[in-house]
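Visitor: Each chain, letter by letter, is given below.
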Amino acid sequence: MTLTRSVGIGLLILGSLTAASSAAVGFAQPDRPSPLRGMILEPPRQAPDLPLIDQEGRPFSLSRHRGKFLLLFFGYIFCPDVCPTTLVVLANARERLGAAAKDVQVVFISVDPERDTPKAVKRYVAYFDTTFIGLSGDPEAVASVARAYGVRYGKRPSSTPDRYSVDHTALTYLIDRAGRLVAAYPFETSVDDLVADLKFLTGGKR
Amino acid sequence: MKKACLLAALWLAPVLVASAQGSLIRAESAWVRPSPMRERASVAYMVLRNDGDAPDALVGAASEAAGMVELHETVKAGDMMQMRPVPRIEVPARGTVELKPGGLHLMLMHMRGDLPIGRKVRLLLKFEKAGELPVDVEARKQ
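Order-wise, the sequence lines are chains A and B. The numbering used here puts the first residue of the first sequence at 13, with every later residue one more than the last. The numbering used here puts the first residue of the second sequence at 885, with every later residue one more than the last.
What the hints contain is simulated information worked out from the structure, not anything from laboratory work. Because the structure is a prediction, the values reported are computed rather than measured. Yeah, the Cβ is synthetic: ideal placement off N, Cα and C, and Gly gets one too. Misleading hints may appear alongside valid ones.
What the hints assert, rightly or not - Here are the in silico distance ranges between beta carbons for each label pair: (1) A:Arg192 <-> B:Ala938: 39 to 45 angstroms; (2) B:Gly997 <-> A:Ala190: 35 to 41 angstroms; (3) A:Pro63 <-> B:His994: 48 to 54 angstroms; (4) A:Ser156 <-> B:Ala977: 23 to 29 angstroms; (5) B:Asp935 <-> A:Arg164: 39 to 45 angstroms; (6) B:Glu974 <-> A:Lys211: 29 to 35 angstroms; (7) A:Arg70 <-> B:Glu912: 35 to 41 angstroms; (8) B:Gly979 <-> A:Ala190: 31 to 37 angstroms; (9) B:Glu912 <-> A:Ser156: 27 to 33 angstroms; (10) B:Arg968 <-> A:Gly69: 30 to 36 angstroms; (11) A:Ser156 <-> B:Leu1008: 27 to 33 angstroms.
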């Protein structure tokens, strides 16, 4: 894999990405030159499985996507601000990648099992990019996946019971072709930074 | 295409509203997120400019497109993104406040229907001093 970095690569880390505290998962701003602009997980580890249901109602299998880079974002459909902002960035990044976009699969994972059915998730993700995969599942399955990724979320009650919002961590996780969790991107990462990393990675040897 | 969208958003001639107490408010670069499904909430962003000598505050909003519009703020608490209703959004004298992704915004709930890209909706902004300001916003992706 191309993730072995050496000081000699000569690419600079941008200080622009704020280091979201993510000690639970072990992501950090690299303390030595890295070809990636995102927060890296060192050493990379096998990405936890995602035993959830896709937007067509089928069980999802992470291992079936080996050979591609996966970008995972945990959110919820009713989320008006953070989730669409992030998903638009991911869609724009894929668009900018051109032909290399076929090697990048975006996966949205709902942390609102009460409201987000596969059918709703299907309409939701297709609105951003028809290639996006959207996963949902029962509360236990979602909780277990979130725990494995260090994602936290919780309902925030609102004036009307069915209109609650969900607090959630908002990192986008990057899984490499070998199924390893290698990097994470905080909310408001720019399209430029994502594209730079994805170009670097997809251009690398398999 | 994107540039065209951006330009399309800029044509919005800002309307303004003034108060006897000296605030002079206009809304600029306003846009709303399309909502592909009724069950989803939408959100409106804009820059509020006050050319008057007295501060004012946005204290409420309504829209024909939504049953309920609330003033919200996305805040980062540790590594959690939270969304909280706020009672008012201050617009300083001779200054601006920006409602933008990841920060202050208007949340549109109980959508009356789908809000496709390109659809224009009217928002009615209520200011503490200046009163009501109608703003026409277009639904676009970003």
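Visitor: Taking the hints in turn, state whether each one holds.
Guide: Verification of the supplied hints:
Judged by the Cβ atoms, the range 39 to 45 angstroms given for A:Arg192 and B:Ala938 is violated: they are separated by roughly 58 angstroms. Our hint of 35 to 41 angstroms for B:Gly997 and A:Ala190 is violated, since their Cβ atoms are close to 46 angstroms apart. Roughly 34 angstroms separates the CB atoms of A:Pro63 and B:His994, a value that falls outside the hinted 48 to 54 angstroms. As the Cβ distance of A:Ser156 to B:Ala977 is approximately 53 angstroms, the hint placing it in 23 to 29 angstroms is violated.
Checked against the hint of 39 to 45 angstroms, the C-beta distance between B:Asp935 and A:Arg164 comes to roughly 43 angstroms, which is consistent with it. A hinted range of 29 to 35 angstroms is violated for the C-beta pair B:Glu974 and A:Lys211, which are about 42 angstroms apart. The supplied range of 35 to 41 angstroms is broken by A:Arg70 and B:Glu912, whose beta-carbon atoms lie about 46 angstroms from each other. Checked against the hint of 31 to 37 angstroms, the C-beta distance between B:Gly979 and A:Ala190 comes to roughly 52 angstroms, which is inconsistent with it.
Checking the proposed 27 to 33 angstroms range against B:Glu912 and A:Ser156 shows it is violated: the Cβ atoms sit about 46 angstroms from each other. Remark: the range hint 30 to 36 angstroms for B:Arg968 to A:Gly69 is upheld by a beta-carbon distance near 35 angstroms. Range check, A:Ser156 to B:Leu1008: Cβ separation about 45 angstroms, and the 27 to 33 angstroms hint is violated.
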